[in-house]
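Protein chains in written order, with the numbering used here: chain A, 1 to 243; chain B, 1 to 243; chain C, 1 to 243; chain D, 1 to 243; chain E, 1 to 243; chain F, 1 to 243.
What the hints contain is simulated information worked out from the structure, not anything from laboratory work. Keep in mind that a hint or two might mislead.
[Unchecked claim] Residues from chain F that face chain A, not an exhaustive set, calculated with beta carbons under 8 Å:
#	residue
1	Trp-72
2	Arg-125
3	Lys-134
4	Val-135
5	Asp-194
6	Tyr-197
7	Ile-236
8	Gly-238
[To be verified] In the SDA-like style, the derived pairs of lysine to any residue whose C-alpha atoms are separated by at most 25 Å in a straight line are:
#	chain 1	residue 1	chain 2	residue 2
9	F	Lys-239	A	Thr-200
10	E	Lys-239	D	His-157
11	C	Lys-183	C	Ser-216
12	C	Lys-158	B	His-157
13	B	Lys-158	C	Arg-125
14	C	Lys-57	C	Gly-142
15	A	Lys-97	C	Thr-130
16	D	Lys-101	D	Gly-13
17	A	Lys-15	A	Lys-134
18	A	Lys-54	F	Phe-195
19	B	Lys-57	C	Asp-194
20	B	Lys-101	B	Gly-13
[As the list claims (entries may be wrong)] Footprint (simulated), chain B over chain A, 3 or more residues, beta carbon under 8 Å:
#	region
21	7–14
22	25–31
23	35–44
24	60–68
25	75–86
26	172–184
Beta carbons: idealized from backbone N, C-alpha and C, even for Gly.
Protein chains: 6
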Amino acid sequence: MKLIEMNQAAARGLKDQNLTALLPLGAVEVHGDHLPIGTDLFLAQALTDKLEEKMGKENALVLPALPYGQVWSLREAPGSVNISNEILSGMIAQIGKSLEKAGIRRMAIVNTHVGNGDAMKMASRMLYDTSDIKVYLFTYPGAEEVIPKVCESPMPHKGYFHACEIETSYMLYLCPEWVDQSKAICQYPDFPEDFDYTPTPWTDFMATAVLGDAVSATKEKGEAIIERVVERMCEILGKEAIR
Amino acid sequence: MKLIEMNQAAARGLKDQNLTALLPLGAVEVHGDHLPIGTDLFLAQALTDKLEEKMGKENALVLPALPYGQVWSLREAPGSVNISNEILSGMIAQIGKSLEKAGIRRMAIVNTHVGNGDAMKMASRMLYDTSDIKVYLFTYPGAEEVIPKVCESPMPHKGYFHACEIETSYMLYLCPEWVDQSKAICQYPDFPEDFDYTPTPWTDFMATAVLGDAVSATKEKGEAIIERVVERMCEILGKEAIR
Amino acid sequence: MKLIEMNQAAARGLKDQNLTALLPLGAVEVHGDHLPIGTDLFLAQALTDKLEEKMGKENALVLPALPYGQVWSLREAPGSVNISNEILSGMIAQIGKSLEKAGIRRMAIVNTHVGNGDAMKMASRMLYDTSDIKVYLFTYPGAEEVIPKVCESPMPHKGYFHACEIETSYMLYLCPEWVDQSKAICQYPDFPEDFDYTPTPWTDFMATAVLGDAVSATKEKGEAIIERVVERMCEILGKEAIR
Amino acid sequence: MKLIEMNQAAARGLKDQNLTALLPLGAVEVHGDHLPIGTDLFLAQALTDKLEEKMGKENALVLPALPYGQVWSLREAPGSVNISNEILSGMIAQIGKSLEKAGIRRMAIVNTHVGNGDAMKMASRMLYDTSDIKVYLFTYPGAEEVIPKVCESPMPHKGYFHACEIETSYMLYLCPEWVDQSKAICQYPDFPEDFDYTPTPWTDFMATAVLGDAVSATKEKGEAIIERVVERMCEILGKEAIR
Amino acid sequence: MKLIEMNQAAARGLKDQNLTALLPLGAVEVHGDHLPIGTDLFLAQALTDKLEEKMGKENALVLPALPYGQVWSLREAPGSVNISNEILSGMIAQIGKSLEKAGIRRMAIVNTHVGNGDAMKMASRMLYDTSDIKVYLFTYPGAEEVIPKVCESPMPHKGYFHACEIETSYMLYLCPEWVDQSKAICQYPDFPEDFDYTPTPWTDFMATAVLGDAVSATKEKGEAIIERVVERMCEILGKEAIR
Amino acid sequence: MKLIEMNQAAARGLKDQNLTALLPLGAVEVHGDHLPIGTDLFLAQALTDKLEEKMGKENALVLPALPYGQVWSLREAPGSVNISNEILSGMIAQIGKSLEKAGIRRMAIVNTHVGNGDAMKMASRMLYDTSDIKVYLFTYPGAEEVIPKVCESPMPHKGYFHACEIETSYMLYLCPEWVDQSKAICQYPDFPEDFDYTPTPWTDFMATAVLGDAVSATKEKGEAIIERVVERMCEILGKEAIR
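The whole structure should be built from the sequences, with the hints applied where relevant.
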């Protein structure tokens, strides 16, 4: 069920349905030339739809996607929109508080942008202290099981990747109409020595926002990972949420 | 042009194109049983698309809609999501700051929810003081010229209407697929005597969130008003913005 | 009763008297050359005194006036003092919280400056959520009924007027000693095309802060409007407040 | 010169006159039964008028008094109004920022309530860092020289006194119309042992807010102290301010 | 007992022991050339140890010292570290809140730096309103009784002294290993006329941060004062705390 | 060099010495019964001393340790002290700002508590935007290379460990006097299924705060890891910092 498609009578009944609210959370951020700026937003919406289908529509309440995220690392690149952790977490927490008034007791944030992690955590802890909503934080859970099996290119960095084999494969599977694979590049930038230990905008060391090998992306790789992610999210939500 | 559909190369060129960014701003709020909870969001997106077309796509940069707004008056109704002025204005202002980095100098907020007015003003003043972005605040400008000519039902209140002849007509024109006119009602609630002068949740005096006569809404009325609104927004933006 | 004139014994008895606290709220803002910078403050105090008298002194608790308000539009004019919405609303809300400790359950803000509207609303909503004080927001209620009948000059703008026929008439009736009518001017500035839609300091388009025709002001016009405003405030407060 | 009595033309000339702005700062706080709740406000206004006269009106710009102060210690007493340091200091600092726009370079806070000290310091440091206004903090400077000479009753506490011989004498000299000396009492409460070292509302140990011997107050004592205070404030402002 | 030396089992038992937590609070601030930058920190720790011993270890729970304080007056001197009142008070208050969870009901801040006074007060009032912890604020209580008896040099200022006879004597008694008395100086700077009444960094009028006569300091003077301070702190805490 | 041991003359010379400031950052948190509550603080100080020695004392400026950290996960356990990210990051950033005044251009945070990570990042980004200080964030860098080689017990969780083989080994190497190995336990709690995805206090699933096998800890393991960590920190700081 999509919240924004419901009428007031239906909304009144939400409290009796044991629903898990799903909040797609993306970002507006440059992703090189083969992927659009809205990549994370498109992925968040498509992934949420997959999850809703898997859970069963009678178990899920899909919220409208929050398109804007925290993109500190690429904030200097024209086209990126950067929201502070304070504002982003505040909005997420207030969404949760309103859902509580509707009788919802579970909210999963279906996030596709690593940079949103801190704000999500802040919001979830605010809600932990001030509401009865249980918040799940999902950023592709389970992907780490499948990626080593299906991906061929080396990881560009132990903690980060971007617009690369992985993320492009997601797009080829979930939103192929937004990929121009003819412009895909393979880029392994030289990270500054101290990159992991001091704030470093990515624009300091690469002009095009691609971290890894986008050329080797395929729809099949995307499918393999995403299907496991969707399954994993259902496992985590568990039987209480998905009946 | 839609920002989220652009790639990085295109985004780099934004600074040379004299564009006006358009930010659709809606709300998640109950609108009775004949209109969906996402009414304001659907309207904001559709109205922005109309405006983009009228301006000429080469003059406009459409941003992803911000779905969540300030809905204090109906915050107690299950299904509504209420964001504080502080958080909402902060997010709008930060969007503006990021656009400035891309070389954008004009942003119009295409808003469809009256309750967002204070937050929009706060954001616009923050940006006035801290950026070179000129912000336009649009909440159906020009509608006031046409409404008295085409609408038949009396206004329920001098300052407020909701899910009524006017708003339902907008929906019938812009998003008819989301209207179930068979459930439209005509409701003129008894406002408390001091309603205009003291904070009063609308849920205090009506169970279904309809202020006015939704039954008399028609697509034609919506068209007459909306077309003038689109025209009026273009007039306000002026020749500098629309060449 | 004036709060600041009471002693501690009298204050202890406040809780048993079903009083409405009246907070005069003005601004320090230039009003051209025929009216003083303290115009809004003088008016707020005089209007509150009228209201107190009409209500009956046994029903009202007059607070000391808060002289400083939000004057964004004229903040650049030497002599204006501009307080942010955040600080102004915070002070009003804290006044309300303290009154609650004294057993007061009703506070009316008698405001004479349109720019204070947002801060007043913020304060009233804070108190709605955190206290048992009911807050009334009064900015010349009822004036809109009389103005079209007694005023002769056209309105300079649909939403704003300043130091004009209306406000000067108020002063001629309530505080004639502060008016130098020989310096009154009639000024209809050319508003920028987009004035209503983008933040625009008034100092951008007029050197002297007069919006309208101050020359046509008379004491009689002021009397007609103000007497209705006072009456209207009593009607709104209602029988529970005025016994 | 009183700011609120000036017109806009006069305000424009403020920048050329080397003026010191005087901000009377009081509090709304119970002062027993012989003094009114507005004692600190009345004193702040009267003291400022004395100072203006002594400085020469051509050297001073008197601002409207800020009536509300920080009254933590007596906040539980009905009739007291307590403003937080954050809000109070914010308002004072914003007043200073606006004066800077008018070309004022010196502001003296003429304070009569010890509890306002922290907020005044906070405001003055904010302005030190963000403006060119020099702020003077006056809470009866020089009084400490005269008090031991003219007062007869022992101090109730090394750091605090309230509505006592000293303050009542001030009132008898400056605002005798507000004193009902027939209700004056002499009260030396038993302070809790740890009073100086832990937050302790005064209402914990006395029902009537009098700390000291109000009975022994006289107009002559008040005159002796206040005249020295006025003189001392002029000395501190110095020749640059008073020509 | 030192909190950081305890294990979890011991911490579980804290709630049953009627303990007073002692928080040493210092500052990082230049103290001329004969005393180290950590003077206030060393003193806070040593003084707390003395107090713990006097109270009896079974009555005290010593917390790790907070080394950083508010040093506005010397913030411009290289080597000083200045923490804002807002951050410092927030940390102290949050320490108190956590102690409350461990069952502690009394916390004494053993402070050695006058500049921390406002933040301490803010923290203690926050805890007064939001916890059951009783907070004691100690900045050398009782010292004022002994100083006039044992010190020989005149006070440099009625309210301030720094790295002088008094403070150097404290160090000679408590931490002699950190004193290089061969570099002690006697310095009575010319305070600006308006020093007491307007924000004035000490670096404006003295290059070396010594206010008073460090040469006349002795261990014996330090001992006399400190022993009384320790005794006085015990008196204030009283029999309930020290059994 | 320890900042708190320097005198003012030495501090004045800091700006000419190309120093890296080292800020030890710990936490006050229960660590089972074999390790003390101050474990993280003891480790931060000892590790910083090792680093200072390795860098050469002429290259390092050791700051006093900040003992209090963010311990959300164990905040409910008596003895833990939990500081919010907002306050902790604010204090770190303000320390950096003051060091900038002394001419320092590099600050390394030597952190031993994973929970401090978010606050450290927030502080480093604040300083990135508002100062010329380059901030390094160190939480045992390089440990991940050695742990798999020397540790024998399985990791209790992919992202967390606590008071276990690893941390106890650190203590046995760096601060053996604070370890009571006779009380070491081996504990692999059953994490809730959704532990990684929703805020979960550790006290929900274990009574004694040990995550892993403390019994298998040895001084040699600690030495192997810590020596690499120290070496790695030097590599990251690089030749510009260590000459």
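Quick rundown of the hints versus the structure:
1. For Trp-72(F), the suggested interface contact is upheld, since its CB lies about 7 Å from the closest CB of chain A, less than 8 Å.
2. This hint holds: Arg-125(F) has a C-beta 5 Å from the nearest C-beta of chain A, less than the 8 Å allowed.
3. Among the interface hints, the one on Lys-134(F) holds; its C-beta lies about 6 Å from the nearest C-beta in chain A, closer than the 8 Å criterion.
4. With its C-beta approaching chain A no nearer than about 6 Å, Val-135(F) sits inside the 8 Å limit, and its interface hint holds.
5. Interface hint status for Asp-194(F): upheld, as the beta-carbon distance to the closest one in chain A is roughly 5 Å, under 8 Å.
6. Evaluation of the Tyr-197(F) hint against chain A yields a held restraint, the C-beta minimum of about 5 Å falling below 8 Å.
7. Among the interface hints, the one on Ile-236(F) holds; its C-beta lies about 5 Å from the nearest C-beta in chain A, closer than the 8 Å criterion.
8. Interface hint status for Gly-238(F): upheld, as the beta-carbon distance to the closest one in chain A is roughly 6 Å, under 8 Å.
9. With a CA separation close to 19 Å, the supplied pair Lys-239(F) and Thr-200(A) stays within the 25 Å bound.
10. Annotation: proposed proximity of Lys-239(E) to His-157(D) holds, straight-line Cα distance about 23 Å (limit 25 Å).
11. Of the supplied pair hints, the one linking Lys-183(C) and Ser-216(C) holds, its CA atoms being roughly 12 Å apart against a limit of 25 Å.
12. For the given pair, Lys-158(C) sits about 18 Å from His-157(B) by alpha-carbon distance, which is consistent with the 25 Å threshold.
13. Taking the CA atoms of Lys-158(B) and Arg-125(C), the gap is about 21 Å. The hint holds against a cut of 25 Å.
14. Proposed proximity of Lys-57(C) and Gly-142(C) is supported: the alpha carbons are some 22 Å apart, at most 25 Å.
15. Using a Cα cut-off of 25 Å, the hinted pair Lys-97(A) and Thr-130(C) holds, with the two alpha carbons roughly 17 Å apart.
16. Taken as a hint, the Lys-101(D) and Gly-13(D) pair is honoured in the structure, with Cα atoms around 12 Å apart against an allowance of 25 Å.
17. Between Lys-15(A) and Lys-134(A) the alpha-carbon distance is near 15 Å, which keeps this suggested pair within the 25 Å criterion.
18. Proximity of Lys-54(A) to Phe-195(F) is assessed by CA-CA distance (about 22 Å); at most 25 Å being required, the pair is judged to hold.
19. Between the alpha carbons of Lys-57(B) and Asp-194(C) the distance comes to roughly 22 Å, so the proposed pair stays at or under 25 Å and holds.
20. The hinted pair formed by Lys-101(B) and Gly-13(B) meets the criterion: a straight-line CA distance of about 12 Å does not exceed 25 Å.
21. For the region 7–14 of chain A, the stated coverage by chain B holds: 7 residues have a C-beta nearer than 8 Å to a C-beta of that chain, and at least 3 were required.
22. Only residues whose beta carbon comes within less than 8 Å of a beta carbon in chain B count, and the region 25–31 of chain A has 3; three or more means the coverage holds.
23. With 6 residues having a beta carbon nearer than 8 Å to a beta carbon of chain B, the region 35–44 of chain A meets the requirement of three or more and the stated coverage holds.
24. With 6 residues having a Cβ less than 8 Å from any Cβ of chain B, the region 60–68 of chain A passes the three-residue criterion, so the hint holds.
25. Only residues whose beta carbon comes within less than 8 Å of a beta carbon in chain B count, and the region 75–86 of chain A has 11; three or more means the coverage holds.
26. Under the rule that three or more residues need a Cβ within less than 8 Å of chain B, the assignment of the region 172–184 of chain A holds, with 3 such residues.
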